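Build the full structure now, drawing on both the sequences and the hints.
Residue 24 is where the sequence shown starts when you use the working numbering, and the numbers rise one by one after that.
Hints are computed from structural coordinates only; laboratory data are not their basis.
Small disclaimer: the values here were computed from a predicted structure and weren't measured.
Positions of the beta carbon are idealized from the N, C-alpha and C atoms, including for glycine.
Be a bit skeptical, because a hint or two may be false.
Lysine-lysine pairs mimicking DSS-like chemistry, simulated, CA-CA at most 25 Å apart [stated by the list, open to error]:
id, residue 1, residue 2
1, K366, K573
2, K487, K264
3, K451, K467
4, K266, K483
5, K465, K483
6, K483, K460
7, K465, K301
Ranges of calculated distance between the beta carbons of each label pair, as one might list FRET restraints [claimed, not checked]:
id, residue 1, residue 2, range
8, G104, L197, 44 to 50 Å
9, E217, R114, 17 to 23 Å
10, G466, V103, 43 to 49 Å
11, A365, Q603, 36 to 42 Å
12, L463, L197, 23 to 29 Å
13, P209, G120, 25 to 31 Å
14, E464, Q603, 50 to 56 Å
15, N113, E239, 20 to 26 Å
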Amino acid sequence: MPNECYRIETFSMEYKQMTKEELLNELKKKEQRLSLLEASERRYRDTLEAIGDVISVQDTAFKVIYQNQANKDFLGADAVGKYCYAAYENRDRVCEGCPVVKVFDDGKIHTAERAGITDKGPVLVEVTASPLRDSSGKIIGAIEVARDITGRNKTTEELRLAGLKFRSLVEQSLVGIYIFQDNRFPYVNPKAAEIFGYTPDEFISEESLNDIICEEYLDLVRDNIRRRIENEVKTVHYTFKGKRKDRTILDLEVQGTRTEFNGKPAIIETILDITERKKMESESSRTQNLESLGVFASGVAHEYNNLLTAIIGNLSLAKMYAKPGYEVYDVLSEAEKASTRAKDLTLQLLIFAEGSRTAKKIIDLRERLKVWACSVLNDSQIIPEFKMQEDLWPVEADELQIHQALDNIFTNARQSMPERGLIRVKAKNMEVDAQSKLPLEKGKYVLISIEDQGGGIPEKYLLKIFDPFYTTKQKNTGLGLSSSYSIIKNHGGHISVDSQLGIGTTFHIYIPAFSEYISSSKEALKTYPFGRGKILVMDDEEIVSLVVGKLLNQCGYEAELARNGEDMLQMYKAAGEAGQPFKAVIMDLGIEGGMGGQEAIKHLLDIDP
Numbered sequence: 024m025p026n027e028c029y030r031i032e033t034f035s036m037e038y039k040q041m042t043k044e045e046l047l048n049e050l051k052k053k054e055q056r057l058s059l060l061e062a063s064e065r066r067y068r069d070t071l072e073a074i075g076d077v078i079s080v081q082d083t084a085f086k087v088i089y090q091n092q093a094n095k096d097f098l099g100a101d102a103v104g105k106y107c108y109a110a111y112e113n114r115d116r117v118c119e120g121c122p123v124v125k126v127f128d129d130g131k132i133h134t135a136e137r138a139g140i141t142d143k144g145p146v147l148v149e150v151t152a153s154p155l156r157d158s159s160g161k162i163i164g165a166i167e168v169a170r171d172i173t174g175r176n177k178t179t180e181e182l183r184l185a186g187l188k189f190r191s192l193v194e195q196s197l198v199g200i201y202i203f204q205d206n207r208f209p210y211v212n213p214k215a216a217e218i219f220g221y222t223p224d225e226f227i228s229e230e231s232l233n234d235i236i237c238e239e240y241l242d243l244v245r246d247n248i249r250r251r252i253e254n255e256v257k258t259v260h261y262t263f264k265g266k267r268k269d270r271t272i273l274d275l276e277v278q279g280t281r282t283e284f285n286g287k288p289a290i291i292e293t294i295l296d297i298t299e300r301k302k303m304e305s306e307s308s309r310t311q312n313l314e315s316l317g318v319f320a321s322g323v324a325h326e327y328n329n330l331l332t333a334i335i336g337n338l339s340l341a342k343m344y345a346k347p348g349y350e351v352y353d354v355l356s357e358a359e360k361a362s363t364r365a366k367d368l369t370l371q372l373l374i375f376a377e378g379s380r381t382a383k384k385i386i387d388l389r390e391r392l393k394v395w396a397c398s399v400l401n402d403s404q405i406i407p408e409f410k411m412q413e414d415l416w417p418v419e420a421d422e423l424q425i426h427q428a429l430d431n432i433f434t435n436a437r438q439s440m441p442e443r444g445l446i447r448v449k450a451k452n453m454e455v456d457a458q459s460k461l462p463l464e465k466g467k468y469v470l471i472s473i474e475d476q477g478g479g480i481p482e483k484y485l486l487k488i489f490d491p492f493y494t495t496k497q498k499n500t501g502l503g504l505s506s507s508y509s510i511i512k513n514h515g516g517h518i519s520v521d522s523q524l525g526i527g528t529t530f531h532i533y534i535p536a537f538s539e540y541i542s543s544s545k546e547a548l549k550t551y552p553f554g555r556g557k558i559l560v561m562d563d564e565e566i567v568s569l570v571v572g573k574l575l576n577q578c579g580y581e582a583e584l585a586r587n588g589e590d591m592l593q594m595y596k597a598a599g600e601a602g603q604p605f606k607a608v609i610m611d612l613g614i615e616g617g618m619g620g621q622e623a624i625k626h627l628l629d630i631d632p
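Below, the structure is given as structure tokens:
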């Protein structure tokens with residue numbers, strides 16, 4: 024700063040000593056120099072714009088900050104502000120062997136050859152990248168010059184080698200590339216054929232648009248082809264659904280342009296299978312919906328559940344004072360049934376609550392799957408068929424929640440076959456490795472498959488069936504399958520579904536296996552005389568504890584009430600010391616602002632093991 028101030032003051036004193044005429048002359052000279060600089064910059068920019076080579080400048084984040092007219096003509100679009108690999112190659116990451124990367128690494132000039140596609144067809148491009156430095160010598164970007172070397176005056180051998188090199192690049196590409204002309208495919212690279220489940224020869228000789236594109240997207244694809252053939256647009260980029268050889272549905276993304284092939288107009292395109300990406304996006308969206316519902320459930324459902332407990336309890340008490348056969352008894356029974364259904368809905372909501380409680384234990388699913396399936400299919404014309412691995416691994420899970428999750432799926436299968444049919448229930452061990460596309464951690468799992476013979480689920484509904492409150496049935500709540508999804512996800516598992524119209528639907532349920540076999544000892548259940556003894560009820564909601572206490576009193580027990588874990592432990596200990604111990608304790612697992620049942624049971628076992 025001192026030096027700069029000194030220069031400014033010197034400059035000022037110098038001008039103070041000038042005459043008016045000298046000052047005007049000096050200003051005129053400066054204006055002339057500025058004009059020369061501006062003219063030089065214009066000549067420099069005009070030169071770049073006039074050069075036939077494709078020129079662009081990228082910053083160190085690989086964003087295009089300048090492109091000349093030849094570059095715009097080559098791309099058919101403005102790339103400024105976009106990542107070079109996205110604008111030039113339609114990729115989501117930096118290209119392999121990129122010379123700009125090497126420039127940023129060592130500061131030297133690097134050259135590479137790359138295959139490209141223009142509206143004139145395939146080209147071979149020589150790309151030279153040079154460092155762009157600031158006044159201090161720091162690299163702040165790279166200048167990239169691309170030159171079409173397809174038409175160079177090469178020898179026959181050079182042309183042959185270039186052709187082999189270009190074909191090798193296309194044949195080994197991880198992106199599908201094909202040429203479409205006259206409703207057929209005269210060329211496809213191996214990746215494009217693989218996406219659809221064919222060999223290149225099969226694809227070229229047999230396939231047409233009707234064979235590989237879902238019917239509802241045919242008009243879209245044909246219109247995009249027509250627009251390019253008729254030169255309405257140069258390039259298109261869009262998505263559609265296609266079909267593999269085995270009729271599996273695919274989500275596909277294509278980008279392509281008009282070209283000439285054997286002297287006739289054609290379309291050359293790149294194609295990507297984005298099926299897994301779409302599934303992950305759907306999975307992420309579904310998870311966000313479930314989290315939102317969890318916030319709602321945690322704020323409302325617990326309170327609502329307590330009120331329903333009181334309502335149902337009082338209805339049960341009222342029925343005890345009424346006589347069967349009287350109209351009031353029937354009215355109370357109907358009210359009790361309706362309240363119970365409301366409570367079931369509330370329990371479904373509670374599953375979504377954040378931090379939902381689970382009581383995990385080791386479960387052998389072989390026999391339980393049979394019992395659970397038969398209980399749902401009872402009194403129906405649907406026959407269950409079981410095929411389960413003999414040494415099926417046990418799982419560590421909350422049995423009530425897993426039962427509910429599978430019960431919802433069995434119910435869905437039953438409803439898909441209103442008259443009669445067959446449900447196949449399969450279970451086997453499987454391992455998920457790092458290469459698996461399943462959204463699961465590496466490890467051992469039990470895979471349960473439940474297959475029905477219903478009408479199938481239309482494709483447009485498949486991505487929605489696990490969404491909360493989504494249902495196509497008038498009397499359903501739309502929480503059954505979404506709660507199943509939430510339960511399995513909370514256990515570290517996953518549910519997927521396959522469906523074909525007119526054939527049926529299969530749900531695949533993945534549950535983490537218990538890594539170590541633990542044989543739990545079975546203790547004989549202790550029985551107590553009905554209608555005798557003291558029972559301690561702990562709940563911070565007085566309306567709930569009062570109703571439960573009254574019901575116990577009606578059954579002959581003597582109920583005492585506690586508001587939290589601390590009070591309960593004192594009462595339990597005092598009763599034991601007085602020689603009048605409690606026979607049982609009923610506790611709310613969570614107490615706001617106090618000790619809940621989960622914590623209290625540990626202290627209770629210390630008092631009375």
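Going down the list of hints, with the structure as the test:
no.: 1; hint: K366 - K573; in the structure: 20 Å, holds
no.: 2; hint: K487 - K264; in the structure: 17 Å, holds
no.: 3; hint: K451 - K467; in the structure: 11 Å, holds
no.: 4; hint: K266 - K483; in the structure: 15 Å, holds
no.: 5; hint: K465 - K483; in the structure: 31 Å, violated
no.: 6; hint: K483 - K460; in the structure: 22 Å, holds
no.: 7; hint: K465 - K301; in the structure: 22 Å, holds
no.: 8; hint: G104 - L197: 44 to 50 Å; in the structure: 27 Å, violated
no.: 9; hint: E217 - R114: 17 to 23 Å; in the structure: 19 Å, holds
no.: 10; hint: G466 - V103: 43 to 49 Å; in the structure: 47 Å, holds
no.: 11; hint: A365 - Q603: 36 to 42 Å; in the structure: 38 Å, holds
no.: 12; hint: L463 - L197: 23 to 29 Å; in the structure: 25 Å, holds
no.: 13; hint: P209 - G120: 25 to 31 Å; in the structure: 29 Å, holds
no.: 14; hint: E464 - Q603: 50 to 56 Å; in the structure: 52 Å, holds
no.: 15; hint: N113 - E239: 20 to 26 Å; in the structure: 25 Å, holds
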